[in-house]
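Taking the hints into account, I'd like the entire structure generated from these sequences.
4 protein chains.
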Amino acid sequence: MVLLEFSMSPLGKSESVGKYVARSLDIVDKSGVDYRLNPMGTVLEGDWDEVMAVVKKCYERMKKDCNRISCSVKIDFRKGHSGRLSGKVKSVERRLKRRVRT
Amino acid sequence: MVLLEFSMSPLGKSESVGKYVARSLDIVDKSGVDYRLNPMGTVLEGDWDEVMAVVKKCYERMKKDCNRISCSVKIDFRKGHSGRLSGKVKSVERRLKRRVRT
Amino acid sequence: MVLLEFSMSPLGKSESVGKYVARSLDIVDKSGVDYRLNPMGTVLEGDWDEVMAVVKKCYERMKKDCNRISCSVKIDFRKGHSGRLSGKVKSVERRLKRRVRT
Amino acid sequence: MVLLEFSMSPLGKSESVGKYVARSLDIVDKSGVDYRLNPMGTVLEGDWDEVMAVVKKCYERMKKDCNRISCSVKIDFRKGHSGRLSGKVKSVERRLKRRVRT
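Residue numbers (the UniProt record's numbering), protein chains in the order written: chain D, 1 to 102; chain B, 1 to 102; chain E, 1 to 102; chain L, 1 to 102.
In short, the hints are calculated from the structure, not lab data.
Accuracy of the hints is not assured; some may be wrong.
What the hints assert, rightly or not - The calculated lysine to aspartate or glutamate pairs, modelled on EDC-like cross-linking and capped at a C-alpha distance of 20 Å, are:
(1) D:Lys57 with E:Glu50
(2) D:Lys13 with D:Asp65
(3) L:Lys57 with B:Asp47
(4) E:Lys19 with B:Glu15
(5) L:Lys63 with B:Asp49
(6) D:Lys19 with B:Glu93
(7) L:Lys19 with D:Glu15
(8) B:Lys56 with L:Glu60
(9) L:Lys30 with E:Glu93
(10) D:Lys56 with E:Glu50
(11) E:Lys30 with E:Glu50
(12) D:Lys63 with E:Asp47
(13) D:Lys64 with E:Asp49
(14) D:Lys79 with B:Glu15
(15) D:Lys64 with D:Asp26
(16) E:Lys56 with D:Glu50
(17) E:Lys13 with B:Asp65
(18) L:Lys63 with D:Glu15
(19) L:Lys56 with B:Glu60
(20) B:Lys56 with L:Asp47
(21) B:Lys79 with D:Glu15
(22) E:Lys57 with E:Asp47
(23) B:Lys88 with D:Glu15
(24) E:Lys97 with L:Asp29
What the hints assert, rightly or not - For each label pair, taking beta carbons as the anchor points, the in silico distance ranges come out as:
(25) B:Ser16 with D:Asp34: 20 to 26 Å
(26) E:Gly32 with D:Ile27: 26 to 32 Å
(27) B:Glu50 with L:Ser14: 30 to 36 Å
(28) B:Ser16 with L:Lys30: 41 to 47 Å
(29) L:Lys64 with E:Glu50: 35 to 41 Å
In this text, a Cβ means the ideal position worked out from N, Cα and C, and glycines have one as well.
Below, the structure is given as structure tokens:
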């Protein structure tokens, strides 16, 4: 399983890109792939093909009305580990023996 | 104000880097800068110098016992906007007219 | 056409990861997809599926003997533009009216 | 010494951002810090403070006429290693026993 965080924005549209982010999130939310939205991106968990298919779907949608798209992706593969959407944060809290802001 | 997301890991240590992540988070948490931890990074909000100082402090600490460090940083500056650690997610939810997973 | 830059490293191996980088580059070089290697990553040019297939192939190879993999990807899609592996640098030089270091 | 790759673009301007990239490169080129430009970013080599000062200078310039800025930074610190702007690529070529595209 991999964790994949991505953010995707059009260039050359308004400096407000919330409309496009919401459209992508709608695709993510309906994909069935587990995810968490944060202020700088969306983190997906699943197999490589599964999470990449979601990113591609967002890209295909954005391409329809955006001539330039910038996209950042960060992947963390760890063999035999799953449930890391919540597990990684909890592990930090366990080590620090206190809650952190999430 | 900028939003800055970063993640920082040592190379050449164990494949488990939780100890180092927790140490960085401890620095972030005590810095007084507002932040949110997510499964793939930590998002800070503040002025450029303020958030960069936190990242540098984590780097200086990690350098003490790590010979190789990999660090990703993503910055989103938006003039005249603050409170975006919670505002950006809420804006997506407002557009979609429903809650998303966070 | 998209430009896609990626870098991929194992965690929990030696702090020297040159062996793994070379192995990925060998895959890239034999893929037939045009690319440029730089000190921090490899930039590919092609269609989404084409460049993503190369990244996946590198990932599949690395998975065989690495339990944890960290991968960064940055994508720049621009409708109707190709030849940007050399074009983008030249465009900067044209604007500055001088050569820059590449 | 660290290698730091960064790319910085305004949102809400034209889909062509070459003018802004050239302006940043001019700052980089005159900074005295060693660098290489590639199609997806600029790689700097130096101490943390030195390379971060260059990125900040580019940011301060861009802020003057851009209301929203997106910036990606990737850092690779390796104790006791320098000359890596050319060294990392050469190391890959040495391992593969052939030239690659740069």
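Right, here's what the structure says about each hint:
| no. | hint | in the structure |
| --- | --- | --- |
| 1 | D:Lys57 with E:Glu50 | 15 Å, holds |
| 2 | D:Lys13 with D:Asp65 | 10 Å, holds |
| 3 | L:Lys57 with B:Asp47 | 14 Å, holds |
| 4 | E:Lys19 with B:Glu15 | 17 Å, holds |
| 5 | L:Lys63 with B:Asp49 | 14 Å, holds |
| 6 | D:Lys19 with B:Glu93 | 11 Å, holds |
| 7 | L:Lys19 with D:Glu15 | 17 Å, holds |
| 8 | B:Lys56 with L:Glu60 | 19 Å, holds |
| 9 | L:Lys30 with E:Glu93 | 14 Å, holds |
| 10 | D:Lys56 with E:Glu50 | 12 Å, holds |
| 11 | E:Lys30 with E:Glu50 | 13 Å, holds |
| 12 | D:Lys63 with E:Asp47 | 13 Å, holds |
| 13 | D:Lys64 with E:Asp49 | 17 Å, holds |
| 14 | D:Lys79 with B:Glu15 | 10 Å, holds |
| 15 | D:Lys64 with D:Asp26 | 16 Å, holds |
| 16 | E:Lys56 with D:Glu50 | 12 Å, holds |
| 17 | E:Lys13 with B:Asp65 | 16 Å, holds |
| 18 | L:Lys63 with D:Glu15 | 13 Å, holds |
| 19 | L:Lys56 with B:Glu60 | 19 Å, holds |
| 20 | B:Lys56 with L:Asp47 | 12 Å, holds |
| 21 | B:Lys79 with D:Glu15 | 10 Å, holds |
| 22 | E:Lys57 with E:Asp47 | 16 Å, holds |
| 23 | B:Lys88 with D:Glu15 | 14 Å, holds |
| 24 | E:Lys97 with L:Asp29 | 13 Å, holds |
| 25 | B:Ser16 with D:Asp34: 20 to 26 Å | 22 Å, holds |
| 26 | E:Gly32 with D:Ile27: 26 to 32 Å | 31 Å, holds |
| 27 | B:Glu50 with L:Ser14: 30 to 36 Å | 31 Å, holds |
| 28 | B:Ser16 with L:Lys30: 41 to 47 Å | 44 Å, holds |
| 29 | L:Lys64 with E:Glu50: 35 to 41 Å | 39 Å, holds |
Consistency with the previously given hints is maintained throughout, with no hint failing.
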